[in-house]
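Work out the full structure, taking the sequences as your base and the hints as a guide.
The listed protein sequences correspond, in order, to chains A and B.
Position 12 (the first sequence) corresponds to 53 in the numbering used here; numbering is contiguous.
Position 184 (the second sequence) corresponds to 187 in the numbering used here; numbering is contiguous.
Mixed in with the good hints, there may be bad ones.
Not the full set, but computed from the structure, chain A residues with beta-carbon under 10 Å of chain B [said to hold, decoys possible]: (1) Lys50; (2) Ala106; (3) Asn133.
Below 16 Å or equal to it, Euclidean Cα-Cα: the simulated EDC-like pairs (lysine to aspartate or glutamate) are [stated by the list, open to error]: (4) A:Lys117 / A:Glu91; (5) B:Lys161 / B:Glu110; (6) B:Lys20 / A:Glu167; (7) B:Lys68 / B:Glu110; (8) A:Lys50 / A:Glu152; (9) B:Lys20 / A:Asp168; (10) B:Lys324 / A:Glu130; (11) B:Lys213 / B:Glu250; (12) B:Lys324 / A:Glu167; (13) B:Lys34 / A:Asp127; (14) B:Lys264 / B:Asp274; (15) A:Lys53 / A:Glu134; (16) B:Lys20 / A:Glu166; (17) B:Lys68 / B:Glu134; (18) B:Lys82 / B:Glu46; (19) B:Lys47 / B:Glu220; (20) A:Lys53 / A:Asp151; (21) B:Lys213 / B:Asp12.
Hint data in this document are derived by calculation from the structure and do not stem from the laboratory.
All C-beta atoms in this analysis are idealised placements derived from N, C-alpha and C, irrespective of residue type, glycine included.
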Amino acid sequence: MANIPADLKYTKSHEWVKEEDGLLVVGLTDFAATALGDIVFIRLPEAGEEVTAGESFAEVESVKAVSDVFSPATGKVAEVNEALNDAPEAVNEDPYGAWLIKIAGTEATDELLDASAYEAVCAAEEDA
Amino acid sequence: MELKTPLYDVHIAEGGKIVPFAGYLLPVQYKTGVVAEHMAVREKAGLFDVSHMGEITFTGPTALKTLNHILTNDFTGMKTGRVRYSVMCNERGGCVDDVLVYKFGEEEYLVVVNASNRHKDYAHMAANVLEGTEIRDISDAVAQVAIQGPAAPAIMAKLLPAESIPQKYYTAIREVKIDGMSCMISRTGYTGENGYEIYTACGNAENLWKTLRAAGEEYGLIPCGLGARDTLRLEAAMPLYGHEMDEDITPLEAGLGFGVKLGKEEFIGRDALIAAGEPRRVRVGLAVTGRGIIREHQDVFIGDELIGHSTSGTHCPYLGKAVAMALVDAAHAATGTAVEADVRGRRVAAEIVPLPFYVKKDQ
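What follows is the structure, encoded as structure tokens:
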């Protein structure tokens with residue numbers, strides 16, 4: 042079973058979210074990283090770009106396939122984890138440490154799940 | 004409805020992640036993941052289930068003549084125990100499939116075809132077979148595993164005496180007994196690495212897998228899935244049907260001229276290939292110089308001019324960089340040419356490079 046920390050919030054599309062110093066920190070869950078397999082490239086937005094709740098803000102490529110990453114909130118990209126440009130595999134190794142972006146000025150957020158609700162989403166997908 | 008290979012239960016027990024492929028349920032990877040499986044084959048050894056491949060026998064007094072009629076390569080003078088690559092063309096010179104041909108005797112051959120094309124191939128063969136040749140699809144009775152990597156010869160040497168192991172690339176030995184199981188061992192593969200493909204009856208598959216796994220353990224052999232099979236063949240620039248070739252791409256465009264003998268008296272597709280003359284588009288290698296990954300079916304440009312499209316592409320684990328193969332206008336195919344691929348609306352820079360991307364080190 043995938044690691045789902047209790048102190049984070051989640052989206053149905055497998056992003057994790059936490060609030061830190063007034064910013065929303067966004068990453069990919071362990072479940073998503075495991076499903077994608079070995080991640081070899083991440084296309085990130087630039088600081089200052091607008092993101093919209095429920096819309097793609099990044100692409101994650103594994104050796105097998107490319108997947109979109111969806112923004113949990115509408116706002117502006119305050120910070121980008123540039124270290125992922127050279128070491129995208131960090132998302133596989135430490136999905137809850139390797140954040141992708143931090144969002145500022147959050148207006149609307151997508152529906153966020155707590156850990157137990159997200160665990161149910163993962164379980165349903167595993168059975169599918 | 005997908006079929007299971009005789010090794011399906013083994014894949015589940017080994018932790019394989021099962022996906023449908025060419026009508027079969029096969030592991031795309033095991034718990035180790037595509038990168039580790041790819042690296043194992045380059046540096047140690049990997050074991051693959053390739054039981055989905057199709058096998059069709061050609062027997063009878065005109066078997067050689069039939070093969071020379073329906074396939075592009077020339078099998079005249081081929082020695083027993085040899086293996087030869089060929090393309091099978093349609094009348095327009097397009098590729099029906101690419102195949103391996105084994106010679107077991109003057110009137111006895113085995114043709115190994117892609118799983119996805121098995122039924123189409125058999126129909127094409129049956130429609131064009133000459134009188135005096137009998138063809139039979141024995142795919143459902145045959146299991147095949149591939150053991151690939153620099154340690155593969157040492158692992159086989161633990162199980163068999165030297166005379167039972169084919170020493171030369173593209174040779175095969177029949178009637179070899181591994182742990183009492185009757186096998187055919189072929190020094191071939193789809194990884195660009197040293198190795199063997201082992202054919203046996205379906206009932207032996209599970210025991211053969213376990214025997215090879217046990218023998219390979221001390222050498223770092225791990226099971227490998229379809230994901231690594233694809234990245235390995237791509238790194239070695241081996242063509243895959245449906246990507247580098249199809250019914251509308253000729254083997255000459257696909258860079259497979261070495262397996263096309265236009266000097267032969269006749270074969271299906273020969274007239275069309277000769278009439279077409281020098282190919283107007285050719286298969287090239289692309290090394291990504293920008294940021295991103297070029298995959299299949301992405302348009303390739305020089306400035307605003309569309310010069311072709313990519314046929315396969317990924318991030319290659321051993322080379323540590325993104326590469327692709329593409330079919331481009333012959334006029335723009337020179338090594339060193341700077342191009343761009345349209346990757347979901349974004350241009351990714353690349354350079355035309357010689358194929359293959361990876362050549363194995365001398366061992």
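Each hint tested on the structure:
Using the Cβ-Cβ criterion of 10 Å, the hint placing Lys50 of chain A at the interface with chain B is not satisfied: the shortest such distance is roughly 28 Å. Given hint, Ala106 of chain A at the interface with chain B, holds; its Cβ is 9 Å from that chain's nearest Cβ, closer than 10 Å. Hint on Asn133 of chain A holds. Least Cβ distance to chain B is approximately 8 Å, under the 10 Å limit. Proximity of Lys117 of chain A to Glu91 of chain A is assessed by CA-CA distance (about 4 Å); at most 16 Å being required, the pair is judged to hold.
With a C-alpha separation of about 34 Å, the suggested pair Lys161 of chain B and Glu110 of chain B falls outside the 16 Å cut-off, and the hint is violated. Taking the CA atoms of Lys20 of chain B and Glu167 of chain A, the gap is near 12 Å; set against the 16 Å cutoff, the hint holds. For the proposed pair Lys68 of chain B and Glu110 of chain B, the alpha carbon gap of about 10 Å is at most 16 Å, so the pair holds. Between Lys50 of chain A and Glu152 of chain A the CA atoms are separated by roughly 10 Å; this keeps the pair inside 16 Å, and the hint holds.
As the CA atoms of Lys20 of chain B and Asp168 of chain A are separated by approximately 13 Å, the hinted pair is consistent with the 16 Å bound. Pair hint Lys324 of chain B plus Glu130 of chain A holds up; C-alpha atoms about 14 Å apart against a cutoff of 16 Å. Distance restraint check for Lys213 of chain B and Glu250 of chain B: the Cα-Cα separation of roughly 39 Å exceeds the 16 Å cut-off, and the hinted pair is therefore not satisfied. Between Lys324 of chain B and Glu167 of chain A the alpha-carbon distance is near 32 Å, which puts this suggested pair outside the 16 Å criterion.
A distance of roughly 24 Å separates the Cα atoms of Lys34 of chain B and Asp127 of chain A; the hinted pair therefore is violated under the 16 Å criterion. Under the criterion of a C-alpha separation no larger than 16 Å, the hint pairing Lys264 of chain B with Asp274 of chain B is consistent with the structure, at around 12 Å. Among the hinted pairs, Lys53 of chain A with Glu134 of chain A is inconsistent with the structure: their alpha-carbon atoms are about 22 Å apart, more than 16 Å. For the hint linking Lys20 of chain B to Glu166 of chain A, the alpha-carbon distance of about 14 Å falls within 16 Å, and the restraint holds.
This hinted pair checks out: Lys68 of chain B and Glu134 of chain B have alpha carbons roughly 10 Å apart, not beyond 16 Å. Restraint check for Lys82 of chain B and Glu46 of chain B: the C-alpha separation of about 33 Å exceeds 16 Å, so the hint is violated. Taking the CA atoms of Lys47 of chain B and Glu220 of chain B, the gap is about 10 Å. The hint holds against a cut of 16 Å. Taken as a hint, the Lys53 of chain A and Asp151 of chain A pair is honoured in the structure, with Cα atoms around 10 Å apart against an allowance of 16 Å.
Distance restraint check for Lys213 of chain B and Asp12 of chain B: the Cα-Cα separation of roughly 12 Å lies within the 16 Å cut-off, and the hinted pair is therefore satisfied.
The structure does not agree with the numbered hints 1, 5, 11, 12, 13, 15, 18 stated previously, though it agrees with the rest.
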